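Top line first, the protein sequences correspond to chains A and B. Its first residue numbered 1, the first sequence is counted upward by one per residue in my numbering. Its first residue numbered 1, the second sequence is counted upward by one per residue in my numbering.
Bear in mind the hints are in silico, worked out from the structure with no lab data behind them. Accuracy of the hints is not assured; some may be wrong.
Claimed, not checked - Where chain B lies over chain A, by a calculated footprint (3+ residues, C-beta under 8 angstroms): (1) 8 to 17; (2) 69 to 79; (3) 132 to 141; (4) 146 to 153.
Please read all numbers here as calculations on a predicted model, not as lab measurements. Positions of the beta carbon are idealized from the N, C-alpha and C atoms, including for glycine.
The lines below spell out each chain.
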Amino acid sequence: MQKIPRLTQDQRSNLVAYLDGELPEPAVKEIDQVLSKSPAVRHDVEMLARTWDLLDQLPRLATEEDFTARTLSVAQQEEAPRPLLPSSVSERLQSRQLRRGGILLIWLAVLAASAFLGYSATAHWVPDQSEDLLRNLEVVEKLDLYRNVESLDFLKQLDEKIGTFDAQPKR
Amino acid sequence: MLRAKAGDDKAFGQLVTGYQDRLLSIFYHLLRDQAAAEDLVQEVFLRIYRARNGYQPTAKFSTWLFRIANNVASNARRTIGRRKEVPLVQESGSVPSVGTKKKVISDRSSLIPTRQLVKRETCEIVQTALDTLNERQRLAVLLHKFEGMSYEDIGEAMSLSTEAVKSLLARARENLRTQLEPHLKS
Numbered sequence: 001m002q003k004i005p006r007l008t009q010d011q012r013s014n015l016v017a018y019l020d021g022e023l024p025e026p027a028v029k030e031i032d033q034v035l036s037k038s039p040a041v042r043h044d045v046e047m048l049a050r051t052w053d054l055l056d057q058l059p060r061l062a063t064e065e066d067f068t069a070r071t072l073s074v075a076q077q078e079e080a081p082r083p084l085l086p087s088s089v090s091e092r093l094q095s096r097q098l099r100r101g102g103i104l105l106i107w108l109a110v111l112a113a114s115a116f117l118g119y120s121a122t123a124h125w126v127p128d129q130s131e132d133l134l135r136n137l138e139v140v141e142k143l144d145l146y147r148n149v150e151s152l153d154f155l156k157q158l159d160e161k162i163g164t165f166d167a168q169p170k171r
Numbered sequence: 001m002l003r004a005k006a007g008d009d010k011a012f013g014q015l016v017t018g019y020q021d022r023l024l025s026i027f028y029h030l031l032r033d034q035a036a037a038e039d040l041v042q043e044v045f046l047r048i049y050r051a052r053n054g055y056q057p058t059a060k061f062s063t064w065l066f067r068i069a070n071n072v073a074s075n076a077r078r079t080i081g082r083r084k085e086v087p088l089v090q091e092s093g094s095v096p097s098v099g100t101k102k103k104v105i106s107d108r109s110s111l112i113p114t115r116q117l118v119k120r121e122t123c124e125i126v127q128t129a130l131d132t133l134n135e136r137q138r139l140a141v142l143l144h145k146f147e148g149m150s151y152e153d154i155g156e157a158m159s160l161s162t163e164a165v166k167s168l169l170a171r172a173r174e175n176l177r178t179q180l181e182p183h184l185k186s
C-alpha cells in the first residue's frame with residue numbers, strides 16, 4: 001500500500017501563499033504533488049479557500065454623495081492663507097501691544113531723566129578730587145622738593161635767610 | 001496624482017472619488033465605527049493634498065495611499081487606546097444600521113428577505129471572526145481581500161518585508177479558518 005505523503009512544516013506554512021499565487025514555481029509543484037495524493041491536505045486547502053471566500057460577505061461601504069466635494073473644500077480651506085486670529089482679537093492684541101510699547105517708552109524716559117539728574121547732582125555736590133589737584137598743581141609738581149623741608153620753622157628760617165623760590169630774597 | 005501635484009484640484013477630486021469608498025470599507029472593518037472611519041478617510045485625503053507638492057511617482061499611487069492610510073489608522077488606534085472613549089469593535093458586531101444616510105452596497109439577491117437574513121447572519125459571523133484577528137493581521141487581510149494587493153505591495157503599505165506579510169497572512173487565515181470552520185460545515 002502506497003504511503004500518503006504529508007506536508008512538511010514549511011509546506012504547511014506556505015499553504016496560504018500557495019492559494020494566493022505568491023509561491024515560486026518549485027514550491028507550488030511540491031505542494032501540488034502532496035495535494036494530489038493526500039485527501040487530508042486537500043481538505044485543509046479547501047477549508048482555507050472557503051474561509052477566504054466567506055470574507056466576500058463583509059459589507060463594502062459607500063460614502064455620502066457630497067464626500068468628495070466636502071473633502072476638497074476642507075483641503076482648499078486649509079491651504080488658503082488666513083489670519084492667525086480673528087480681526088477683533090487681532091485689533092485688541094494690537095492696541096494692547098501699543099499700550100505696552102507706550103508704557104515702556106515712558107519708563108525709558110524716566111530712567112534717562114533720573115540718570116541725568118543723578119549725574120548732575122553728583123557733579124555739583126560731590127567734591128571733585130581732580131579739581132583739588134589742578135588747584136594745587138604748582139605744589140604737586142614740586143612735591144619732591146617740598147618733602148625735603150622737614151618743618152615749617154626751617155622754612156621760615158630759610159625764607160628769612162634767602163627768601164622763597166618765588167619771592168625776592170629779603171635784604 | 002501628477003495632475004493634482006501640478007495644481008489641478010479637479011484631478012484630486014477624481015482621486016478622492018476613486019478611492020473614498022475603498023478606504024471607507026477598510027477603515028470601517030478596522031474600527032467598526034462608520035463615522036470615525038469616514039473621518040479617517042478624509043484625513044488620508046487631506047494628508048495627500050498637503051503632501052502633493054512633494055509627491056514622487058516612485059511607487060504605485062495606491063500603495064502610497066494605503067501606506068498613508070496605515071499611518072492614519074495607527075494614529076487613530078493610539079488615540080482611541082489613550083482616550084478609551086470609542087471601542088475598537090462595536091459590541092453588537094452588526095453591519096451599519098439601515099437608518100443611516102450611508103448605504104451598504106448590496107447585490108440584487110439580498111433584496112429577497114430570507115436570503116437577506118441569512119446573508120446578514122453570515123456577515124455577522126464573518127465580522128466576528130475578523131474581529132478576533134489583531135490589527136495588523138486584519139489590515140493585511142483587508143488589503144489582500146478588498147484591494148487584491150500582492151504581498152509585496154502590502155509590505156510596502158505596512159512597512160513590512162514580503163516574508164513578514166506572508167507569515168502575517170498565513171496566521172490570519174489559519175485563525176479565520178479556526179473561527180469559521182464550524183460554520184462552513186453547517
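Which of the stated hints cannot be reconciled with the structure, identified by number in ascending sequence? 3, 4
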